[in-house]
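Given chain A, put chain B in place with the hints provided.
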Amino acid sequence: MKTPDEKLQESIEQGRFDSSDLDSHAYQIVFEAIKKEPNTHLSPQFSDKILSRIIKAEEKRAFQKDLMWLGIGVLVLIVTAIITIVLTGFKLNAGAFKFVGNYGGLLVFAVLLIGFYQWVERKILPRHSAV
Amino acid sequence: MSNSPMVEDEALISKVLEGDTESFRQLIKQHERLVAHMVSRIVRNSEDREELCQDVFLKVYDKLKEFNFKSKLSTWIATIAYRHAINHIRKKQISFNEQSEWEDFKEQFIANENLEEELADKDLEEHVMVYINQLPVHYRSVLTMYHVDGMSYQEIGKITGMPEGTVKNYLFRARNLLKEKIKKYLGKEELR
Chain A
1 MKTPDEKLQE SIEQGRFDSS DLDSHAYQIV FEAIKKEPNT HLSPQFSDKI
51 LSRIIKAEEK RAFQKDLMWL GIGVLVLIVT AIITIVLTGF KLNAGAFKFV
101 GNYGGLLVFA VLLIGFYQWV ERKILPRHSA V
Chain B
1001 MSNSPMVEDE ALISKVLEGD TESFRQLIKQ HERLVAHMVS RIVRNSEDRE
1051 ELCQDVFLKV YDKLKEFNFK SKLSTWIATI AYRHAINHIR KKQISFNEQS
1101 EWEDFKEQFI ANENLEEELA DKDLEEHVMV YINQLPVHYR SVLTMYHVDG
1151 MSYQEIGKIT GMPEGTVKNY LFRARNLLKE KIKKYLGKEE LR
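Line by line, the protein sequences give chains A and B. Counting in our numbering, the first sequence runs from 1 upward without gaps. Counting in our numbering, the second sequence runs from 1001 upward without gaps.
Bound-form chain A, shown alone (with noise of 0.2 Å):
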C-alpha cells in the first residue's frame, strides 16, 4: 500500500498540485528543479583531447607490438642458431685471423688510436662546421 507521500509524488509527476498544502508546494519546487540540468562543463577541445589519447595509445600499442615481434625474432634467431650449432657439430675457427692473437699488444694500440681521433674529431669537427 502506498503512504501519502508516495501518492503525493505521484500526483506531482502527473502536473495536479495543490500550492496551498505545504507539503504539495515543497515537492512542485522540487519537482521543477530536479529536472535541471546538473552543472557539467567540458571544455571545447573534449573530443580532441580523447582522440589525441587514442591515437596515442594506439601507438604505443603497435611500438608493443614491433617490439614484441622483435623479441620472438631474437629469441628464433638463437634457437636456430643453437640447434645448428649441436646438430651440424660447428666450432668457430679464426682461420686466417688466428696471427692477431700473436699482437695482442698492437691491437689494443689501434682501437686507442682510432678511438683518440675519434674524440680529437668531436672537439674539433663542432667549432669548424658551425655556419
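For the record, the hints were derived by calculation from the structure and aren't laboratory data. We put the CB at the ideal spot given by N, CA and C, even for glycine. It cannot be assumed that every hint is accurate.
As the list claims (entries may be wrong) - Stretch by stretch, here's where chain A covers chain B in the computed footprint (C-beta under 8 Å, at least three residues):
id: 1; stretch: 1045 to 1058
id: 2; stretch: 1174 to 1182
As the list claims (entries may be wrong) - Listed next, the in silico DSS-like pairs over lysine-lysine satisfying Cα-Cα at most 27 Å (straight line):
id: 3; chain 1: B; residue 1: K1015; chain 2: A; residue 2: K49
id: 4; chain 1: B; residue 1: K1168; chain 2: A; residue 2: K2
id: 5; chain 1: A; residue 1: K49; chain 2: B; residue 2: K1072
id: 6; chain 1: B; residue 1: K1063; chain 2: A; residue 2: K56
id: 7; chain 1: B; residue 1: K1106; chain 2: B; residue 2: K1183
id: 8; chain 1: B; residue 1: K1184; chain 2: A; residue 2: K36
id: 9; chain 1: B; residue 1: K1168; chain 2: B; residue 2: K1070
id: 10; chain 1: A; residue 1: K56; chain 2: B; residue 2: K1015
id: 11; chain 1: A; residue 1: K35; chain 2: B; residue 2: K1168
For chain B alone, kept in the frame of chain A given last:
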C-alpha cells in the same frame, strides 16, 4: 524518412570499428552530455571530472567491438560511465552513505543548517541543486538519470545493477528528502 536510433547507432559503430575517427568524434558529441551528467553527479571534485569523462570514452572505444545491441548505445555508455565514476570514488575511499544508515542520514540531512547562510541570497531552485549535492551518491545519480536524462526505471536498473524496486525507492527517498528541506526552508521564511 529518418532511420531508427538503433539503425543509426549500428551504422555509426561499424564506421568507428573500420577506423573512422570522425565517426567516433560524432559518437562523443552525441553522448558527452550524458557522460558528463553521470560523472558530475557521482564525483564532486570538478578537477577530476573532465579526465574521468575522457577515460569513459577511451573505454567505450576499446570495448565498442563487444557491444551486442541488446540495449541502446546510450544505456551501454551510461553503464560504463556510472561504473567508472563509482570505481573512482571507491578508490578515493569516499563514503557512499549506504542504505543501512538511512534513518540517521535523513535526520542529519534535514537538520543540517551549514549551508543556510551560503544560500541566503539564492533562489529556491538553486537551494534544491545544492541540496541534491548533499544526497548520497546513488540517490543523486538515480535522480539525474530519471529526471534529467529521461531514463526509465528499467534502464536505470540496468545501468546501476539495482533492482527496479530499489531504483523507485531511492527516487522516492531522494525527492522526499529534498521536499523536507524545502518545506523547512519555506516554514522559516513564513516566520520571518
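Going down the list of hints, with the structure as the test:
1. 1045 to 1058: It holds, with 7 qualifying residues against the three required.
2. 1174 to 1182: holds (count 6)
3. B:K1015 with A:K49: holds, 20 Å
4. B:K1168 with A:K2: holds, 12 Å
5. A:K49 with B:K1072: holds, 26 Å
6. B:K1063 with A:K56: Holds, at about 17 Å.
7. B:K1106 with B:K1183: Holds: B:K1106 and B:K1183 sit about 14 Å apart, inside 27 Å.
8. B:K1184 with A:K36: Holds. B:K1184 to A:K36 sits at ~22 Å (cutoff 27 Å).
9. B:K1168 with B:K1070: holds, 23 Å
10. A:K56 with B:K1015: holds, 20 Å
11. A:K35 with B:K1168: It holds: about 17 Å lies between the C-alpha atoms, which stays within 27 Å.
In this structure, every one of the numbered hints holds.
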